[in-house]
Amino acid sequence: MNIWAIDKDVSIKHVLLLLNNHLGEGSFKLDATSNVHAKAVYLEHPDDPGCRAYLFTTGQEADRYGLHLEYPESTVNSNLIDAYENLKLVPLLNILAVHFDISELKNLDLLG
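Take the position in the sequence shown, starting the count at 1, then add 2; the result is the number in the working numbering.
Don't take each hint at face value.
What the hints assert, rightly or not - When the alpha-carbon atoms are kept at most 30 Å apart in a straight line, the in silico DSS-like pairs for lysine-lysine are as follows: (1) LYS15 to LYS41; (2) LYS90 to LYS15; (3) LYS90 to LYS31; (4) LYS31 to LYS41; (5) LYS15 to LYS108.
In case anyone wonders, no lab produced these hints; they're calculated from the structure.
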């Protein structure tokens with residue numbers, strides 16, 4: 003995916019680059035069909051499109067992220083959504099790694 007080619011705010015493009023670097027290329031898919039705000043995107047589990055994350059920077063402090071996790075309909079409560087506000091990058095990475103079944107974060111030493 004060419005992140006710079008998507009029609010989104012630079013804050014979203016920046017965090018997508020960071021996610022690719024630390025979660026790994028191909029660890030999530032970008033939902034290009036949902037019409038959402040320029041400062042938001044839906045990310046999908048590569049093997050289960052029902053497992054999604056709504057990532058946004060609208061209303062967040064600088065370099066902080068909002069995140070709503072969505073679960074597949076097969077879960078016990080199909081209306082289950084976890085919501086987080088003003089996450090720093092490392093907690094965002096940890097939450098997405100668990101949600102998307104990613105066993106290892108990459109290049110964390112670069113975060114200093």
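Hints, one by one, checked against the model:
For the suggested pair LYS15 and LYS41, the alpha carbons sit about 9 Å apart, so the restraint of at most 30 Å is met. At most 30 Å may separate the alpha-carbon atoms for a hinted pair to count; LYS90 and LYS15 meet this at roughly 16 Å. The suggested pairing of LYS90 with LYS31 holds, with an alpha-carbon distance near 21 Å, which does not exceed 30 Å. A hinted pair counts as satisfied when its Cα atoms are at most 30 Å apart, and LYS31 with LYS41 qualifies at roughly 17 Å.
Restraint check: the Cα-Cα separation between LYS15 and LYS108 comes to about 19 Å, which is no more than 30 Å; the hinted pair holds.
The structure is consistent with each of the numbered hints, conforming to all of them.
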